[in-house]
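Student: Chains as they are written, first to last, in my numbering: chain E, 1 to 114; chain Y, 1 to 114.
Possibly wrong hints are sitting among the right ones.
[Stated by the list, open to error] Below, in silico cross-link-like pairs of lysine-lysine (DSSO-like), each with a Cα-Cα straight-line distance of 27 Å or less: (1) E:K44 / E:K71; (2) Y:K106 / E:K78; (3) Y:K77 / Y:K22; (4) Y:K77 / E:K78; (5) E:K11 / Y:K49; (6) E:K71 / E:K15.
[Said to hold, decoys possible] To give an idea of the chain Y side of the interface with chain E (calculated C-beta under 7 Å), a few residues: (7) P18; (8) K22; (9) Y39; (10) P40; (11) V57.
Rather than coming from a laboratory, the hints here were simulated on the basis of the structure.
The structure presented is a predicted model; accordingly, all values stated were derived computationally and were not measured.
No residue lacks a Cβ here, since even glycine has one placed at the ideal position from N, Cα and C.
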Amino acid sequence: EAGVAQSPRYKIIEKRQSVAFWCNPISGHATLYWYQQILGQGPKLLIQFQNNGVVDDSQLPKDRFSAERLKGVDSTLKIQPAKLEDSAVYLCASSPRTGYYGYTFGSGTRLTVV
Amino acid sequence: AQSVAQPEDQVNVAEGNPLTVKCTYSVSGNPYLFWYVQYPNRGLQFLLKYITGDNLVKGSYGFEAEFNKSQTSFHLKKPSALVSDSALYFCAVRPYSGNTPLVFGKGTRLSVIA
């Protein structure tokens, strides 16, 4: 089966600019996760979707971050405006259903804010 | 809330020697426990998991981990390290029941020296 696809792989932007990341999960996977991995730290959950609904966005900085999963398939994570501290790898993962133990991760998008 | 501690930022081991990467966890109820590996510029790759049953679980690339409920630990082990095992290793946990997503440790960098 095809894996979790993410694009772009790398992005460099200036602070206060906006940026968007795209994720295509494994076909049929109902649950989708966005994690932020800052250098030297473990991944931290930003948002969890079940189909096209949000299950948990308690750690999403909603003043600048937004995410959507239209039609319950692809997802887009946006940052506007970006800050220097947003420099990180943004990882997308999917699983067959909420509560299922197995996640499959994409390769991630490395964002550098200068 | 669940948490994971990986007490070592870096583990160095000679090729051919056994390796151990430590992980302790905190979670309400029974845990699902995972080890992931991350190579440079790559996403997280699943190594092994503990769901239930035998406390010693075997995973990919010759790795294994032992679940110890009394010590709330899930240390990753390999009998004979390879240079190609050099990477960043993450331990993760979530409760056995419910929809809570994975929480990751900060990671341990393993360096295997030829």
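Student: Going through the earlier hints one by one, which of them does the structure break, listed in rising order?
Tutor: 4, 5, 6, 7, 8, 9, 10, 11
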